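**Student:** Line by line, the protein sequences give chains A and B.
At position 214 of the first sequence (counting the first as 1) the number is 214 in full-length UniProt numbering, and the numbers step up by one without a gap.
At position 55 of the second sequence (counting the first as 1) the number is 55 in full-length UniProt numbering, and the numbers step up by one without a gap.
It is worth saying that the hints were derived from the structure and are not from the lab.
Be aware that one or more of the hints could be misleading.
If several chains are the same, the list does not tell them apart, and a pair holds so long as it fits within one copy or across any two.
In the BS3-like style, the derived pairs of lysine-lysine whose C-alpha atoms are separated by at most 27 Å in a straight line are [what the hints assert, rightly or not]:
id: 1; residue 1: K219; residue 2: K95
id: 2; residue 1: K7; residue 2: K31
id: 3; residue 1: K73; residue 2: K7
id: 4; residue 1: K180; residue 2: K31
id: 5; residue 1: K241; residue 2: K216
id: 6; residue 1: K11; residue 2: K77
id: 7; residue 1: K216; residue 2: K29
id: 8; residue 1: K219; residue 2: K124
id: 9; residue 1: K130; residue 2: K29
id: 10; residue 1: K180; residue 2: K216
id: 11; residue 1: K73; residue 2: K63
id: 12; residue 1: K219; residue 2: K154
id: 13; residue 1: K60; residue 2: K188
id: 14; residue 1: K219; residue 2: K29
id: 15; residue 1: K216; residue 2: K188
id: 16; residue 1: K188; residue 2: K73
Being a predicted model, the structure only gives us computed values, none of them experimental.
Number of protein chains: 2
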Amino acid sequence: MKDPKLKRYDKDFEYSYAFGTYPTIDLLKSKPEKVLKVLLKQEGFGSEGVNEIVALCEEKGIKYEVNDRVIDKLSVKENTYSIGVFEKYECEIDKNSNHIVLDQPRNMGNIGTIIRTMVGFGFKDLILIKPAADIFDPTIVRSAMGALFSINFKYYDSIEGYSNEFPLHNKYLFMLNGAKNIEEVPFKSPYALVFGTESAGLSDEYAKLGESVYIKHEKDIDSLNLSVAVGIALYKSSLNKL
Amino acid sequence: MKDPKLKRYDKDFEYSYAFGTYPTIDLLKSKPEKVLKVLLKQEGFGSEGVNEIVALCEEKGIKYEVNDRVIDKLSVKENTYSIGVFEKYECEIDKNSNHIVLDQPRNMGNIGTIIRTMVGFGFKDLILIKPAADIFDPTIVRSAMGALFSINFKYYDSIEGYSNEFPLHNKYLFMLNGAKNIEEVPFKSPYALVFGTESAGLSDEYAKLGESVYIKHEKDIDSLNLSVAVGIALYKSSLNKL
């Protein structure tokens, strides 16, 4: 891919940005072959993080340049010392591992937080059912805090399309009116944990795909926040894994 | 309080806003005595939510008015059909209940999500150690999705100030290098769960205030997102409550 003239991110770009020092370091460590270049700000030199970026770039033969003007133009937050510019990529889902499935996720902050939580609890494979947010949007990259570069992800047009491709995965469907309390569920590997949208959850018909599960909470709230519900589910299932 | 000329929210105001139909309904149900008035948009009439607002206002003798222009001026999101204008208030912390303590929280989305999660798991008392975000900021009100109006909260200048006032509460301090895995902790009521900032967590010296606890996760991430960590802790402690 040729050196692109860098503009504010648009989902139709063939490349995206990792803003900030530690996301850039994670990018350089996990996906060095996708890095087009790294931009650095003059005032960041001498900091531990920027020193590590320079060392990684030199070790891996990746171009870096000081360019305060372009960083200021592209950044949405102040005090960005570094931007990793990377070519978008596709992944294959590991058929032997446990999966996380998000049905039509839209809130980018939630998706980023979920990716970070996945990596925290040892999950590496994420399925997104369309329509879904653009996983390379810098908002997701930032809220995942670098964790995006160490997972596999794949978009599917429908939950049935995914389910047909991975028929051996035990599907656990998180629903407000699920049949089993998560405390009583032994999660049998390989499995997939499936979550609906923040606004509507999973509709009842999804229950036929596997076992429906609920996280008990008071009726004073309609539902838990999606990233909190996913966090509790990943934590519990990684403890109760068979 | 006299009828204020409504402007974009500022933390020095004596009043704040609940944007959206369901947060306004929760406000009218939980804190009717604090509501100054309710603004409605013409196009919302006929919807179930706005009908409920009108009925609640009439029942409780609260002023409501159709004012599209002011709603458009004050709203940050599109499609806001309703704004509840309310006078700010102070609360007393219940000395017999279990508490959540956030040390110097700043991220408003996280604070709102934590409030919603608290109510979901039956916690009603929130302590904020300064410096901390303004709990009446509409961003927090919105992300709490109405749950703000059913909790008690109070600011303290220091954790010691709080701790001295509630010496009988068993303090559980969530730290990356905590002494005990949360799975092995029986939470003895009355207790307080204490969490540090998103960026730095709780410093080691806090451990002397009680029992330090960790949530086990992979080293591939620095930490869990604060609202996810709190979510797991509230869920677990409400199950393991003694």
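**Student:** Now tell me, hint by hint, if it's right for this structure.
**Tutor:** Evaluation of the provided hints:
1. K219 with K95: between (38 Å within a copy, 24 Å between copies)
2. K7 with K31: within (22 Å within a copy, 48 Å between copies)
3. K73 with K7: within (8 Å within a copy, 31 Å between copies)
4. K180 with K31: For K180 and K31, the Cα distance exceeds 27 Å both inside one copy (40 Å) and across copies (35 Å).
5. K241 with K216: Intra 20 Å, inter 15 Å, cutoff 27 Å: intra and inter.
6. K11 with K77: Answer is both; intra-copy 19 Å and inter-copy 22 Å each pass.
7. K216 with K29: Between. Shortest inter-copy distance 24 Å satisfies the 27 Å Cα cut-off; intra-copy 40 Å does not.
8. K219 with K124: Close across copies (14 Å), not inside one copy (33 Å); limit 27 Å.
9. K130 with K29: For K130 and K29, the Cα distance exceeds 27 Å both inside one copy (30 Å) and across copies (38 Å).
10. K180 with K216: both (10 Å within a copy, 25 Å between copies)
11. K73 with K63: within (20 Å within a copy, 47 Å between copies)
12. K219 with K154: Answer is between: at 25 Å across copies they meet the 27 Å cutoff, but 35 Å inside does not.
13. K60 with K188: neither (41 Å within a copy, 53 Å between copies)
14. K219 with K29: between (45 Å within a copy, 15 Å between copies)
15. K216 with K188: both (21 Å within a copy, 21 Å between copies)
16. K188 with K73: Intra 49 Å, inter 53 Å, cutoff 27 Å: neither.
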